[in-house]
Each structure stands twice: as C-alpha cells, then as structure tokens.
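Letter by letter, the chains look like this.
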Amino acid sequence: MKNKPAENALFWAGNEACAEAALTAGCKFFAGYPITPASEIAEHLSRKLPKIGGIAIQMEDELASIGAVVGASWTGAKAMTATSGPGFSLMQETIGYAFFTETPCVIVDVQRLGPSTGQATKCGQGDIMQARWGTHGDYTAIALSPNSVQEMYELTIKAFNLAEKYRTPVILLTDETVAHMRERITPPEEIEIIDRRKPKPDEKAFFGLQEVPPMPAVGEGYNIAVTGSTHNEYGIRFTADPTVHRQLVERLNNKIQKHANEIADVETFGIDGCQIGIVTFGCTSRAIYEAVERAQAMGINVGYVRLKTVWPIPERPIQQLADMAGKIIVPEMNLKQLFYEVQRIASGSAEVIPLNKIGGGELITPEEILEEIQRSVV
Amino acid sequence: MTEAFSMRKYLRDVPLPFCPGCGAVTVMGEFLRAIHELGHTELKRFVFCSGIGCSAWIPSPHFMADSVHTLHGRSIPVATGIKLLRSDVNVVVFGGDGDIVGIGMSHFIHAARRNLDILVIMVNNMIYGMTGGQVAPTTPFKSKTTTTPYGSFEPPLDAARLAVTAGASYVARWTTAQPNELEESIKKALKLEGFRFIEVTSQCPTAFGRRAGFKDAGEMIKWFKTNAISIDKAQKMKTESLIGKIVTGEFIQRQRSTLVENVYAMIEEAKKEVEKD
Chain S
1 MKNKPAENAL FWAGNEACAE AALTAGCKFF AGYPITPASE IAEHLSRKLP KIGGIAIQME
61 DELASIGAVV GASWTGAKAM TATSGPGFSL MQETIGYAFF TETPCVIVDV QRLGPSTGQA
121 TKCGQGDIMQ ARWGTHGDYT AIALSPNSVQ EMYELTIKAF NLAEKYRTPV ILLTDETVAH
181 MRERITPPEE IEIIDRRKPK PDEKAFFGLQ EVPPMPAVGE GYNIAVTGST HNEYGIRFTA
241 DPTVHRQLVE RLNNKIQKHA NEIADVETFG IDGCQIGIVT FGCTSRAIYE AVERAQAMGI
301 NVGYVRLKTV WPIPERPIQQ LADMAGKIIV PEMNLKQLFY EVQRIASGSA EVIPLNKIGG
361 GELITPEEIL EEIQRSVV
Chain W
379 MTEAFSMRKY LRDVPLPFCP GCGAVTVMGE FLRAIHELGH TELKRFVFCS GIGCSAWIPS
439 PHFMADSVHT LHGRSIPVAT GIKLLRSDVN VVVFGGDGDI VGIGMSHFIH AARRNLDILV
499 IMVNNMIYGM TGGQVAPTTP FKSKTTTTPY GSFEPPLDAA RLAVTAGASY VARWTTAQPN
559 ELEESIKKAL KLEGFRFIEV TSQCPTAFGR RAGFKDAGEM IKWFKTNAIS IDKAQKMKTE
619 SLIGKIVTGE FIQRQRSTLV ENVYAMIEEA KKEVEKD
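Going line by line, the protein sequences match chains S and W. Numbering-wise, our numbering puts 222 at position 222 of the first sequence, and it's gapless, one number per residue. Numbering-wise, our numbering puts 578 at position 200 of the second sequence, and it's gapless, one number per residue.
Watch out, some of these pointers could steer you wrong.
What the hints assert, rightly or not - Facing chain S, a subset of chain W residues (Cβ under 7 Å, in silico):
1) Met-442
2) Val-456
3) Val-467
Treat the hints as calculated values from the structure; they're not laboratory data. Just so you know, even glycine gets a beta-carbon here, dropped at the ideal spot from N, CA and C.
Go ahead and model the full structure; you've got the sequences and the hints to work with.
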C-alpha cells in the first residue's frame, strides 16, 4: 500500500480505523452484539453502512451475529462482526462452521482481560490461543494483530482480502489499547482489494477439486448445498466415509498452511548479529522500540520479530532469530501463551524467556523489557 | 395445473434418510405439493435454511435448490443474513422442535419480534430423535424418554402461542394427520409477508413413540386424530381440560411492517443524510 501525503492525515481511534477500513474493503453487512471494548465498531458501521446501501444490525447475541454474517456472505456480500473475549468464545462453533463451509468473513476480536468477565474494560492478550484453537476439530486459523491505528486500518483490509482469497474466516486479533487509542493515520492511496472468485459456467464443484474452489451466491440458480457436515466437492453429506472426510479436512488445512509464508507478515529489526531477540505482537510490541533503542545505546544488540500475522505463526523469521540470538524474550499480556509456541519453533537453538504481565490493563513497559534484556545478557 | 405433481421433480437423486413412518416425509411432501400448486416448476426463487436434527434434512441436500444446512439452533440467524441482503428470494427454514425452540429459542423469538420475512416450518416430534430419544422442551408431561425414564417432570412449551406473543405475522399448527390443511396453510403462508410460523405435530415412532407406548406410526397418527382440537373449540374450553390436547388451526394472521421493509426504509433515510452531507 502506498501512503497519501501527510496533509491527508486523520486522527482516529483504532476501532474507528477498523470500521472505516471495512468500508474501504467493500464490507456490506455487519452484525454484532454490544460488548466493551468493541462496540465503537458496531456504532460506526451502523452510521456509515446504510448510507452506502449496506446493512448493520444488532442481533440478540454473538451466536446470532456470526450466524447472520455467514448468511450474508453466502449472498455474495463481504461481511464482518466485532466482539471481545466473551463474545469470541460464543462465536467459536460458527467460526468452525465458516471454516468448514469455506465462508469468507471477518471476525474482529478486541481483546480484553479474561477469563470470563474478568476485567471487562481492561486490556489483555489472552485470546491468542483461542484464536488458534477455539473451535473443535482440525482447523487452521488466520489471525492478524495490529499494533497501531494505522495498522488497524491496513490489517482490516488485509483480513478481508485473505478471507476472500482463501475462502475462510479471518480473525483480526486486536486489543483494547490499540482499539481505543487515537493516533494519526493516513489511509493508503492505493489499496489492493481482493474479491472471491465466482464459478465459471463449467465449474460445478463449489467445495473441492481445487485448492480454493469458486464460491457462488445463493439465489442465483446454482442449487448450492452448504453443510457443516462432512461433504464431497458438490456439498453432498458423507457422514461416515473416511476418505471424504480426510480429503476435505486436509485440503481445508493445507490451503492455508501451504501458503503460510505468503500470509506471514512481520516487522523485523536487527536479526543479523543480535545477542538477544524479542518476539512480540499487538499493543505490547509498542514498548519494544524504546527498549531496543536504549539497549543499543548500552551496547547490547537486540533484534526482534513483530508478528502482524499471528496465525499461521511466521516460523521462518522466528527460526532466523533463534539461530542468531542466544536468548529470546517473549513479552505478552497473558500467562505464556505465545511463549510455548516460540519455544517450539526455537527448538533448543535459543533459550526462550517469558515476560508476562496481567491485571488492570497495565501494559508491559519499555523499562521492564529493558531490565529483562539486561538480565539476559549477564 | 397441467402437469401432475411429482415430488421427485424437486429432489436431488440422494436417498432420503428418514425412518419408516417418520412424519418428516409427510411435511416434505405437503410442502412440495404446495410449491407445485402455487405454480413453481422449480425451486430457483427459494433459499432453504435448516439446523441440526432429523427435519433439518428435509431440504438439505434433498431439495434441488440452494440450501444452507447450518449449526444446531442457528438456522434463523443465517436466514436473517440471507433475507436482509436478498429480499427478493423466498427464505424458508425447516427445523425440529429442539432446533427451533430448544437451543435456537432466542433467535425464534427475536425473528418473530422483528417480523423477519421468512417462513419457519417446525416439525414438532416432541423428542430429540436424532440423538436417540431424549426429552425435549415440547415433550408431553410425564412422557418416558431416555433422559426422563420416570416420566418428564416439565410441562411442554406451546411454540405456536409463543410465536403469536412474540409478534409473528402468521401462525398455524397442524398435525401430520391433517395433510390437506397443512398444505393449504403452507400455500397461504408462502403468499404472506413477515414472520410466518407453521408448527406440525409429527410422529417419531422410533425415538418417541415406542417408549411412550405407541406400537407404530399409525397408532401415533390415531392419537393425533383423537387429541387434536380446533382452536375455535379450544377457545371455549377451560385451560385444565386442554392439557394433553393438540390445539390446531390458524392462531393468527395480521399485518405488521416487516424487517425487510423497515431496514430498507432506514437505508433510504440514511441516504438522504448523504445528500445533506
């Protein structure tokens, strides 16, 4: 994306940027249920969508919200919902349905502090594993994690593009801090918008035969059979055949996993020659810039990998970091959720050190990261 | 109607999964007969939604049409998304009692409240049949099921009356012993607007009947015939004497602005604001 000149800069909150980006991406339908700290997305789209002939509706709960989004997507529309941890939990079954029926849609999870109602207005990063493993069965998630208002905008558009390209639900895994802070943002001047591929006249298999099959819309005479039961390439249920199930589930997982390197989006710095590495994502990653700079001034070389794509996790850059650094610090506002994943990828080539903080929405500070860096050098 | 009715014309060549004597087949047949008599030679103007349960398999994948077989209880939300964006197609939901007024109850009430422009046909077999015969919110009081081996200790829900209270435009209840009334009612409902609800009291000889003391489907249909009572008669009776009876007929037909009308009116209002901007 190419950014517009500075005079086009706007001053937006993260949730506002997300809603505006959804409109730019071509979203025509939003369904949601009020929840802190995500409600501003619903409010913004309720004002803006009808003006362009789109629809925003408040449903009776999160189960209904994502259900309506799935229905809307099958009419050919780009559709989105936005929620936070408790609502995200309720949506998990239908996220699995969207994955299994290859229904593109975007689910925004503005993370707050769980478990349960937890500290409802405070920031947390405890949904990272729910985003990966929240639904039952074998599943591959795509989840993106912005760390600024600018990225809230850019990654929301990217979430729609990936959903359309791979015909799968995509999660925008943001957090209360990024959603509620206001920053300068310049909407990109040139934006790539991807739309789902519709079937050619001779294409009749909407659920297989190719990596990402074409997607027809209901009401256009295709006689589509959509089902959350195991189905063949024509959508016909096969609830006992082992081969049909294996082929379908493997294709659905492979269509994402085989493109993990393409989907991977990271910001890296100073990997070559670094002594200490950091792997980070979301709001927490905002603190590393200052910590790295101050460490550098002390003569400590710190490199980092900031995950803009959290799922599928970008393994290559983390491996590169592990090969170079003796130690990798994983700061996150949860109790070691990303940590174990980094440990798995580093697989012995670097010591992985957790840095965790939960409660009250208190962010991990540059000082805390710097202290950990200094401790690690000794 | 020049061409004779044939159910096969509207169906995919996929074997039907229903047990012998299942009431879902009657509902399927009467629905398609209504479609035929309304002059639809194909189902291209329809989108079907269903959830999980035996009757969810009436449209999916058997109808040669667009069908979305959703999760348990979630057919109405999915239908909401479809109907709001494709107001020009007929959206019909098929589901069982567990699907529509058990796990999916809240969506049912809210869709009726909104007067969402869909027809919901609920096959009420009074049991969770697909899972082997567990008690449902609609199971008659004291009935033996696999999870109420000493008899159900909860009174059943009256889904039709609930739909009336919640705001549905059209509500009717029939039994599978009234195929003609059912078919006429479907024809009528398909021509009306707003949230339309038809409940069909139906026999499940496999998972309900045999534990409840019926030797076959025929016995159950006999039971429907002797216990069904028209709504006109029922209105003159005391509540106590209606226990165990199946009240059938049209519960309501009324004009209310529908969700599609109201949403598109709202969009027009919003567009006027753009002109002002």
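Structure-based check of each hint:
| no. | hint | result |
| --- | --- | --- |
| 1 | Met-442 | holds (6 Å) |
| 2 | Val-456 | holds (4 Å) |
| 3 | Val-467 | holds (4 Å) |
Of the hints listed earlier, there is not a single one the structure fails to meet.
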